[in-house]
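Protein chains in written order, with our numbering: chain A, 52 to 444; chain B, 52 to 444.
No wet-lab data here; the hints were simulated from the structure.
Do not take every clue at face value.
Identical copies carry no separate label here, and so any pair may be met within one copy or between two of them.
[Claimed, not checked] Below, a list of computed lysine to any residue pairs in the SDA-like style, where the Cα atoms sit at most 20 Å apart: (1) 98 / 115; (2) 265 / 282; (3) 159 / 94; (4) 324 / 299; (5) 316 / 356; (6) 319 / 119; (7) 265 / 331; (8) 169 / 353; (9) 189 / 421; (10) 265 / 336; (11) 265 / 281; (12) 324 / 422.
Spelled out, the chains give:
There are 2 protein chains.
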Amino acid sequence: MEKVRLGILGYGNMGTNHTKHILAGESPEIDLVAICDHKPERIEAAKAFVGDALNVTYFADAEEMFKSGLCDAILVAVPHYDHPKFSMRAMELGLHVMCEKPAGVYTKQVIEMNEFAKKCDVKFGIMMNQRTNCIYRKMREIIQSGELGAIRRTNWIITNWYRPQAYYDSGDWRATWSGEGGGVLLNQCPHNLDLWQWICGMPSKVYAKLHFGKWHDIEVEDDVTAYVEYENGATGCFITTTGDTPGTNRFEVTLEKGKIIAEGKSLKMWKSKTNMTEPEFSATNKIPFGHMDFEEVEVETDGKNPQHSGVLNAFAGAILRDEPMVANGIEGINGLTISNAMHLSAWTGKEIDVASFDHELYYEELMKRVATSRRKTVSGTVEAADLSGTYNA
Amino acid sequence: MEKVRLGILGYGNMGTNHTKHILAGESPEIDLVAICDHKPERIEAAKAFVGDALNVTYFADAEEMFKSGLCDAILVAVPHYDHPKFSMRAMELGLHVMCEKPAGVYTKQVIEMNEFAKKCDVKFGIMMNQRTNCIYRKMREIIQSGELGAIRRTNWIITNWYRPQAYYDSGDWRATWSGEGGGVLLNQCPHNLDLWQWICGMPSKVYAKLHFGKWHDIEVEDDVTAYVEYENGATGCFITTTGDTPGTNRFEVTLEKGKIIAEGKSLKMWKSKTNMTEPEFSATNKIPFGHMDFEEVEVETDGKNPQHSGVLNAFAGAILRDEPMVANGIEGINGLTISNAMHLSAWTGKEIDVASFDHELYYEELMKRVATSRRKTVSGTVEAADLSGTYNA
């Protein structure tokens, strides 16, 4: 196999976007051979967009595309709830799968998908494109290397996901319990929740305050303040919303020997000059107002930020040469567990223990909301939006 | 009266510090005429420090100083628990009072002090020296002017209050329930809690996670993450500790028409170019990924930051010419209420309603802790520390 023959399932905003990148020649080892959407107007849009540039076969039915023999791999870009169903079916038929985030809407469903994926001898990746950002890769490298000691505090203010009401009105499924299963946590923040745990590890306890339809006419959360604790005693805070403008993206981690802050395109680090940890300093220092000295540096990165194409290309490399993926699909459970725990904490008013997370209870609580969920009235045709600059990449 | 004749009650760290500023000529309308401390070694230290520079009379007993006829005003710089008692006694004797922060340790006590203060025809100020900082004065001016619309979110990460164990070991009363009545909230953060409410208004609900003796061998809190809600629906987060180093001091307020961030010596503002509020924009914009445009400006201030001397000089102006003070003593209740609500929330695990704050319950809960409080063993003599650069000014 010289190239991976890819079929895209779902030609909405993300499907369109991936097609655009492939057409632009960003994925030389990917051959886009099929596009599937059950909405005829979407297929028309795809045909018009692709034209004669590629030899693409169009399908209205996923099963037909899966069984066509045309594809080696499927990119699943359907609404969130259907991610596990279609991913599992494709894997069952021996197809490699790249799934859009979130892995699913509720952990119970994703646990099932992960167990299934382990049995299938295919590659299963998840579109965690922000892991390709040089800032976060470098931040992770520094923290995981241990050169700054153990983590003590993680604060992420990620409020630059602004969306006006028109965004929510652009699809009747948007920001509904039945259509998306959540708001900013399920649609915008899967990247940040994944990066947070990828860089700092999983929290052990989650307590969250959520506000539902606070800034928009929607039924799901659009404002979140969460507090977490880690196994080693460190704490963290995660603040997000789609209502603030201008927003902030500032991710700060304090450790025993320093601090590191990612903000915008900058990565700054403060490192103990003596390589002493704070506990070591505090135990030996005799001066009441004594303090440690730090070196402040602007951290250099490799400057690369290939985003979606980077994830797809690594996926192709994994299929063709067994190279590592950007994010193994199975890891999608991590960010989703934090997300679900935040919802469950807000609904119950309780602190949630992550290790003993009650997947059944979450599912029940979510389904209660799905049962009374109302779809919005949407006027006009649904057009794929230009997503340039909307990923906080 | 040409000058205010001032007596300082308590010659510890703060008393020493005020004396230093007065000796340096920073308060031309203040005449330091008396210093009182019940510890003979402190009086000796004061005598050695003042020398012949001023004509100061020394007292071992507060009542004697108050009744000496030498003073017009008293600066109360004794341990926190005694602030209300001595302040009220001085007022009762017709003396003007400048009280160190916090106003007291528990609101019940400060309510009594405030009721008493209203009856006395004297000036009563509180040493909220950080209100003199040009950054915070300007930030307040902008926010209170309404030019950025209503507040939506306030986030203050104020973790640059680092203290090593030696600090806590420098006084047996330090960081004990019986000696200070709290930790970072009562000793370091009264300024920030006061500024927070001075600039953004009082929250209506407080939920807090506190950790006691987490980073130090102390019995009180040294790590705080608090979530608040305001009457208008805005939310806020306040994160503080004496354990982080290097710490952060970043105060961000998001409003309907922009954002303002105070960090270090910088004050940055983003202001809507169209003067539209976010709700107005969202209601009229038709583009799914539409966004508002902002002008980003580095805000100019008057650059003045007179700190303690500024507060003392305004106090003198209030006494001599009825000019406004930096902080009316009665306002000390505000920050303390937030502080007490954080403690009570952490102790009870509940969200605290500020308007119906249960002052009696707080007092009972605090006294339970005072009852089993242990004073530390301190070796060596207690020396006044050099406080330069420790106020986060």
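Outcome of the hint check:
1. 98 / 115: within (18 Å within a copy, 94 Å between copies)
2. 265 / 282: between (33 Å within a copy, 14 Å between copies)
3. 159 / 94: Neither: 32 Å inside a chain and 70 Å across chains, both beyond 20 Å.
4. 324 / 299: Classified as between: cross-chain Cα gap 18 Å, same-chain 30 Å, threshold 20 Å.
5. 316 / 356: within (11 Å within a copy, 32 Å between copies)
6. 319 / 119: neither (50 Å within a copy, 58 Å between copies)
7. 265 / 331: Answer is between; shortest inter-copy Cα gap is 15 Å, intra-copy 46 Å.
8. 169 / 353: Neither. Shortest intra-copy (33 Å) and inter-copy (64 Å) distances fail the 20 Å Cα cut-off.
9. 189 / 421: neither (40 Å within a copy, 48 Å between copies)
10. 265 / 336: Classified as between: cross-chain Cα gap 18 Å, same-chain 49 Å, threshold 20 Å.
11. 265 / 281: between (29 Å within a copy, 14 Å between copies)
12. 324 / 422: neither (58 Å within a copy, 43 Å between copies)
In this structure, the earlier hints numbered 3, 6, 8, 9 and 12 are contradicted, and the remaining ones agree with it.
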